[in-house]
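> Take a look at the letters that make up each chain.
Number of protein chains: 2
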Amino acid sequence: MSKKIAVVMTDMFEDSEYTDPAEAFKKEGHELTVIEKEKGKQVEGKNKETSVTTDASIDDVDPADFDALFIPGGFSPDMLRADERFVSFSKHFIDEDKPVFAICHGPQLLITAKALEGRKATGFISIQVDMEYAKADVKDEEVVVCHNLVTSRTPDDLPAFNRESLKQLQ
Amino acid sequence: MSKKIAVVMTDMFEDSEYTDPAEAFKKEGHELTVIEKEKGKQVEGKNKETSVTTDASIDDVDPADFDALFIPGGFSPDMLRADERFVSFSKHFIDEDKPVFAICHGPQLLITAKALEGRKATGFISIQVDMEYAKADVKDEEVVVCHNLVTSRTPDDLPAFNRESLKQLQ
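Chains V and C, in that order, give the protein sequences. No gaps in the numbering here: position 155 of the first sequence is 155 in the working numbering, and each next residue is one more. No gaps in the numbering here: position 131 of the second sequence is 131 in the working numbering, and each next residue is one more.
Calculated from the structure, these hints are not laboratory results. Certain hints may be false.
Put simply, identical chains are the same to the list, so a pair is met inside one copy or across any two.
What the hints assert, rightly or not - Only pairs whose alpha carbons sit at most 20 Å apart, straight line, appear in this in silico DMTMM-like list of lysine to aspartate or glutamate:
no.	residue 1	residue 2
1	LYS48	ASP11
2	LYS26	GLU142
3	LYS26	ASP83
4	LYS139	ASP83
5	LYS139	GLU84
6	LYS39	ASP11
7	LYS114	ASP137
8	LYS114	GLU28
Please model the complete structure; the sequences and the hints are all you need to start from.
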């Protein structure tokens with residue numbers, strides 16, 4: 001069955017960490033909504049390989065309308081978490097036990113939402129100490145699944161990240 | 001008296017958070033050494049306003065040869081802390097009670113070095129929750145001085161950051 005996936009993303013996202021899972025999700029019939037501060041904005045990947053037009057403004061979406069959350073990495077998550085609207089939007093999915101897929105720097109948004117406490121997770125090496133301090137049980141593995149939270153470290157982990165994320169959408 | 005200041009910095013530093021304090025330090029006769037993975041590399045500011053040639057490779061420097069550490073912000077500190085050499089280099093200055101000046105995302109390097117525990121500090125809004133989890137006593141102020149650790153939040157805080165950093169070098 002098709003699921004509605006909210007993607008929170010702005011400039012400087014890690015290109016393949018959006019494009020690769022997005023392709024895998026769409027291939028299985030799931031619907032993605034890219035959410036930024038502004039609707040209809042072109043956001044650019046960190047490696048300048050990808051430009052994505054945002055589908056909705058954070059002001060116009062209700063997290064209750066989505067089945068899952070996807071947070072691509074790069075420097076995008078750190079910019080988003082400076083804005084309380086993205087923090088509370090993301091927190092909804094953890095609080096409501098909905099699937100959350102976060103790769104690379106994606107878990108930064110979950111740290112700020114204080115949503116990693118007591119959860120097994122992984123992330124890019126630079127944020128692993130932050131995650132430990134945020135009371136996550138950090139594993140240095142290609143993918144870590146903790147109930148409905150799926151996390152990975154880098155673009156190299158994408159096959160495992162996509163596989164485990166898709167399982168949560170079945 | 002002229003002091004030797006180690007600057008740890010790579011691409012994507014916040015331009016003015018390097019140029020503005022660097023100018024203030026040099027004006028007072030202090031000597032800056034920009035340290036990156038490679039010596040003689042051109043590192044580019046995030047806003048593409050500044051290009052700086054690095055003075056030394058992290059492999060060729062001994063922190064014991066410097067009087068103080070300066071960590072400009074931007075995305076540079078997050079990239080540096082993925083490399084253990086920069087983490088241990090930075091930790092030396094905290095352990096040895098030497099002056100440390102960190103602005104914006106600069107404290108990220110100190111979190112990874114586990115060097116903020118029990119210290120009053122500030123940083124860019126996006127990393128303030130990380131800093132709290134890292135057991136810092138976080139203040140939302142233009143400059144926070146805790147013994148010889150000087151921290152600020154954004155380029156707007158530069159006058160206060162420069163003033164308090166210079167005091168530590170007297």
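> With reference to the structure, classify each hint as holding or not holding.
Going down the list of hints, with the structure as the test:
1. Taking the shortest alpha-carbon separations for LYS48 and ASP11, both the intra-copy value of 10 Å and the inter-copy value of 16 Å come in at or below 20 Å.
2. Taking CA atoms no more than 20 Å apart as the test, LYS26 paired with GLU142 passes in neither setting, with 22 Å inside one copy and 46 Å between copies.
3. Taking the closest pair of Cα atoms, LYS26 and ASP83 never come within 20 Å of each other, the shortest separation being 28 Å inside a single copy and 36 Å across copies.
4. In this assembly of identical chains, LYS139 and ASP83 lie within 20 Å of each other by CA distance solely across copies; the values are 18 Å between and 28 Å within a copy.
5. For the homomeric pair LYS139 and GLU84, the shortest alpha-carbon distance between copies (18 Å) is at most 20 Å, but the shortest distance inside one copy (28 Å) is not.
6. For the homomeric pair LYS39 and ASP11, the shortest alpha-carbon distance inside one copy (13 Å) is at most 20 Å, but the shortest distance between copies (30 Å) is not.
7. Proximity of LYS114 to ASP137 under the C-alpha cut-off of 20 Å is found in both arrangements, the shortest distances being 14 Å within a copy and 17 Å between copies.
8. Neither within a single protomer nor between protomers do LYS114 and GLU28 lie at most 20 Å apart by alpha-carbon distance, with minima of 31 Å and 43 Å respectively.
Of the numbered hints listed earlier, those contradicted by the structure are 2, 3 and 8.
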